[in-house]
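J.: Below are the chains, spelled out letter by letter.
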Amino acid sequence: MLEVDRLSIHFGEVEVFKDLSFHVARRSSLAVIGPNGAGKTVLFQALIGSVPFEGTIRWAPDVRIGYVPQKLDLDRDVPITATDFLRARSTSTRGADAGISHMLELVGISKEASHKSIGLLSGGQFQRLLVAFALLGNPSVLLLDEPTAGVDQPGQKRLNELVGHLEEEKGVSVLFISHDLSVVYRDSTNVLCLGGRHAYVGPPRKILTPDRLSEIYGSTVDYHVHDH
Amino acid sequence: MTIENLLLSITMAVAAGLVGSFAVMRRMALAADPMSHVALPGIGVALALHINPLIGAVAMLLFGALLVWAMEGKARLGTEALIGVLFSTALALGSLMTSGEELIDALFGGAGVLSWPEIWFGLVASSAVIAFIITQRNRLVVMLVSPDVARTAGIDVRRLDLLYLETFALTIALGLRFLGVLLMGALIIIPAATAKRLARNLTEMLVLAASLAVVATLAGTWLASWFHRETGPFIVIVAAACFLLSFLRR
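So the sequence lines, in the order shown, correspond to chains A and B. Per my numbering, the first sequence runs over residues 1 to 228. Per my numbering, the second sequence runs over residues 1001 to 1250.
Hints may be right or wrong, so weigh each one.
[Stated by the list, open to error] Not the full set, but computed from the structure, chain B residues with beta-carbon under 7 angstroms of chain A: (1) VAL1113; (2) VAL1142; (3) ASP1148; (4) LYS1196.
These aren't lab readings, by the way, just hints derived from the structure by calculation. Each residue gets a CB set at the ideal place from its N, CA and C atoms; glycine is no exception.
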């Protein structure tokens, strides 16, 4: 579904990463981990074509991408409501007119919150709104940039369940950035680890070893493994 | 006021209110002012070539918007910084090329009767501006929230950004023979800023901004004829008074 070959990105003199190669199969999930500044978000931006890069990024031709960025910087008093924002999605492209109120319910945004300015939504509510926006496009792959950062525990659970449901029922592939290694261990088919001397790709069991993690993060990292 | 002038005033005001709504939400409110300066070298060139100054101003404004757009893609600077640099330079060039009186006319609106071609240009251009904002409002909203998200929703962000900047430039050009490019900047921004304070959603924002711009234009024109003075300053004063009144609301 996605082939990345010898991908290099630099901003002026600063090299973000070099010669990165990996692929993602359909109906699988890839977790992207690494310390702050390793280029995780930049990688996602390259995948959606919003930053210049060298190398090749090849998506399967029928792929529809849903992208959920990290918390955005918005005016608190911008007069755009959650409903306005979702309505913009359902009419700005054809064939994506799933019910907005159904979608709000699905991601757990109350009716009251849906009529508030999006600048007044909490971090977690806004994150869920972005997920709803992505889902309205009926995506075949989701790119989630720290989707649960700033989301409360019930909200995280709800989002994780929703994404899990989409993966299982609709065969949606998921690429996600996370700092929560327990989640990565539990939920991902493969892990891409940025920020070390090399980028490592492979199943969590092979990648999330203490030695490798301390190489990448520069200190020991604790996480819980739930073996089933 | 003749019927065609009244119609022109209303469509221009609606165009200004609508374009301004997105300018204010995009946080490029301050851009209207320097952007209006770029008209000046165009007017200078047009006068030297003995063609209608409006043509020179429109050409220069559209070119200016293109330049800002092209540099946005290259330089890692905000739109506002770019507009500031480019258009203050344009003001310097323009003031060298135009006489004091022409300069004042261009900035604050000149006296004189509008010619038919000018009226037609005004009507057609403001209708085009209104149509653009109304049909593209959803795409503009998504781009405003996040260009990256817009891109994945199938929106050609760079193209839409260019079209918006050109629409913005065209709206300023509309003001040249009407209330002056400088005061046109004010008519774009002030009603929209007022609407942003009062509106609770996008539709309210657009309707309020357009209505306030129309009210300011009509009331300002009426006041100006009452006091036998230029219309431009009165329009802006009424718009500003509405803005101040909006603070009573909350």
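J.: Hint by hint, note whether the structure agrees.
T.: These are the hints, each one checked on the structure:
{"no.": "1", "hint": "VAL1113", "in the structure": "39 angstroms, violated"}
{"no.": "2", "hint": "VAL1142", "in the structure": "5 angstroms, holds"}
{"no.": "3", "hint": "ASP1148", "in the structure": "5 angstroms, holds"}
{"no.": "4", "hint": "LYS1196", "in the structure": "6 angstroms, holds"}
Violated hint for the displayed structure: number 1, the only one.
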